[in-house]
Amino acid sequence: MSSKTYDAIIIGAGIVGSACAAECAREGLHVAIVEAGIVGGGATAAGMGHLVVMDDSEAQFALTRYSQQLWDEISYELPREVEHDACGTIWIAADDEELAEARRKEKFYADRGVKTEILDAQALAETEPNLRPGLVGGLRVPGDSVIYPPCAAQYFVDQTLAKGASLFLGVAVKAITAEGVLLHDGTSLSAGVIVNSAGSSSPALTRGLEVKKRKGHLVITDRYPNFVRHQLVELGYLKSAHTLTAESVAFNIQPRRTGQLLIGSSRQFGVDDAQVDAPVLTRMLDRAIEYLPGLGKLSSLRAWTGFRAATPDKLPLIGPHPEHERLYLATGHEGLGITTSLATAKLLVAQIMNRETPIPVTPYLPARMAREPVHA
Amino acid sequence: MPETVTLVVNRIAVEVPAGSMVSAAILKSGVNTFRRSVTGEPRGPLCGMGICFECRVTIDGEPHCRSCQTVCRNGMDVRTDG
Chain A
1 MSSKTYDAII IGAGIVGSAC AAECAREGLH VAIVEAGIVG GGATAAGMGH
51 LVVMDDSEAQ FALTRYSQQL WDEISYELPR EVEHDACGTI WIAADDEELA
101 EARRKEKFYA DRGVKTEILD AQALAETEPN LRPGLVGGLR VPGDSVIYPP
151 CAAQYFVDQT LAKGASLFLG VAVKAITAEG VLLHDGTSLS AGVIVNSAGS
201 SSPALTRGLE VKKRKGHLVI TDRYPNFVRH QLVELGYLKS AHTLTAESVA
251 FNIQPRRTGQ LLIGSSRQFG VDDAQVDAPV LTRMLDRAIE YLPGLGKLSS
301 LRAWTGFRAA TPDKLPLIGP HPEHERLYLA TGHEGLGITT SLATAKLLVA
351 QIMNRETPIP VTPYLPARMA REPVHA
Chain B
1 MPETVTLVVN RIAVEVPAGS MVSAAILKSG VNTFRRSVTG EPRGPLCGMG
51 ICFECRVTID GEPHCRSCQT VCRNGMDVRT DG
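Chains as they are written, first to last, in the numbering used here: chain A, 1 to 376; chain B, 1 to 82.
No wet-lab data here; the hints were simulated from the structure.
Any given hint could turn out to be false.
Label-pair restraints from in silico Cβ distances [what the hints assert, rightly or not]: (1) W304/A with R73/B: 48 to 58 Å; (2) P2/B with A278/A: 43 to 53 Å; (3) E290/A with G50/B: 27 to 37 Å; (4) G82/B with A204/A: 47 to 57 Å; (5) T58/B with R355/A: 50 to 60 Å; (6) S37/B with R355/A: 42 to 52 Å; (7) Q69/B with S188/A: 52 to 62 Å; (8) Y76/A with Q69/B: 13 to 23 Å; (9) P225/A with P42/B: 51 to 61 Å; (10) M49/B with E97/A: 47 to 57 Å; (11) E323/A with S37/B: 48 to 58 Å; (12) T33/B with A204/A: 48 to 58 Å; (13) G270/A with T58/B: 56 to 66 Å.
Negatives, chain A to chain B, calculated, CB over 12 Å [unchecked claim]: (14) G41; (15) L161; (16) L285; (17) L298; (18) L301; (19) T357.
Every value quoted in this text rests on a predicted model; they were computed, and no experiment measured them.
Even for Gly, the Cβ is constructed at its ideal location relative to N, Cα and C.
Next comes chain A alone, as it looks inside the complex (with noise of 0.2 Å):
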């Protein structure tokens, strides 16, 4: 049988599938891209697109702080659709313990270059005059930012075809095999690279990986322009967010381009159906409006559902696959792949190239997860 054959295959055209497209473009490699459902359709179209800067670990930070100075390099270039918006975060403080956390963080951007300013009590209240009164205080990040996610992977994926690549739009991989993947129409397709960047599908793919899924639930609402001005996440969002196991919601509203407002957020494991599931997102919802008494007086449009791909560690898994020799990862960025896509595009490649990584890969790589071998 014949075999279409390319320089790399990249499975998934999410956020970070068409970003590694790209890049694998840009260096000159013939790209397929295949993509079982539209492009941007999966976790990209389903979160919210905030591009922000973390410090759960030293590699996480690494990893949003260079990713967020690619979006900044490439921010005068996008489409006028991917409305990207520099509106910054505000973390809120709601208690003296929040505020400790906030000052925390204060310092650990600080030394690490990042500008942020601590909003006392009444700076917030005049920056955000719709949150409740009583708030402690709060930490603003000028430098974080919005888009819409799914306009951006087109942009990536139009970029990636400019270069002569090729779209396998609505068909799905079958199977990856030694020499590339086998798709469910029964075309095979063969590469000396191949990419899985499936997010919440990757594992269905490739066994064995440790990706599970994460969901989530989302709400927009009607246009309410200066609602809020910032993108506004709770700080108890990092007692409730950091346990893999609990059913939890956290405050975190973003406002549109369009005056509408996205609230979030809620994070569910082991569920694997994608219906809104309606105690989480009254939860929700009563969370937001705890911060945001009005709130509960503006209409909304719809609410929806996404899958996060969360790994145990909490960082994405970007290089070779540990016994596949042609194939690499790239998924498991759980709630941040919007923001790290771009940077997991250059480490990707970089190690596609044989080169040496803009910044340290270690702690991105898959074999990190290889199990202890088992001996009978």
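For chain A, the structure is supplied; the task is to place chain B on it using the hints.
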């Protein structure tokens, strides 16, 4: 003579028969762009029965009220976003 009510549409007083819908008062005032879509296209009442949401306006400071489902009251302050 039917009873009338007087409301304000974009700062201009409009008198309509009691029981009229706000959408009718807006049209009577000469305005036919009730709001703008995200891409800036003009929008106005389409279904007249509260389903299409195209006739939304700000009433007494509350945005996104369906003008075709709201009965006019004396002194009501209506703003279109055309």
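Against the structure, the hints:
At roughly 37 Å, the beta carbons of W304/A and R73/B sit outside the given window of 48 to 58 Å. Between P2/B and A278/A the C-beta distance comes to about 47 Å, which sits within the given range of 43 to 53 Å. Look at E290/A against G50/B: about 31 Å separates their beta carbons, and that is inside 27 to 37 Å. For the pair G82/B and A204/A, the beta carbons lie near 51 Å from each other, so the given range of 47 to 57 Å is met.
With their beta carbons about 57 Å apart, T58/B and R355/A fall inside the hinted range of 50 to 60 Å. The hinted range of 42 to 52 Å is satisfied by S37/B and R355/A, whose Cβ atoms lie roughly 48 Å apart. The given range of 52 to 62 Å is respected by Q69/B and S188/A, whose C-beta atoms sit roughly 58 Å from each other. Against the hinted window of 13 to 23 Å, the Cβ-Cβ separation of Y76/A and Q69/B comes to about 45 Å, which falls outside the hint.
In this structure the hint that P225/A and P42/B lie 51 to 61 Å apart at CB is violated, the actual value being about 18 Å. Separated by about 52 Å at the C-beta atoms, M49/B and E97/A satisfy the suggested range of 47 to 57 Å. Between E323/A and S37/B, the C-beta spacing of about 53 Å keeps the proposed range 48 to 58 Å intact. Between T33/B and A204/A the CB atoms are about 50 Å apart, so this pair conforms to the stated range of 48 to 58 Å.
For G270/A and T58/B, the Cβ-Cβ distance of about 45 Å falls outside the hinted range of 56 to 66 Å, so the restraint is violated. At roughly 21 Å, the least C-beta separation between G41/A and chain B is larger than 12 Å, which holds for a residue marked as non-interface. Consistency note on L161/A: stated as away from chain B, and its beta-carbon is indeed over 12 Å from all of that chain's, at 26 Å minimum. With 12 Å as the threshold on Cβ separation, the claim that L285/A sits away from chain B holds: the shortest Cβ distance comes to roughly 17 Å.
Interface exclusion of L298/A from chain B breaks down, the closest Cβ pair being 8 Å apart, not more than 12 Å. Listed as outside the interface, L301/A is inconsistent with that label: its C-beta sits roughly 9 Å from the nearest C-beta of chain B, within the 12 Å cut-off. Annotated as non-interface, T357/A keeps its C-beta farther than 12 Å from every C-beta of chain B; the closest such distance is 41 Å.
The structure is inconsistent with the numbered hints 1, 8, 9, 13, 17 and 18, although it conforms to all the rest.
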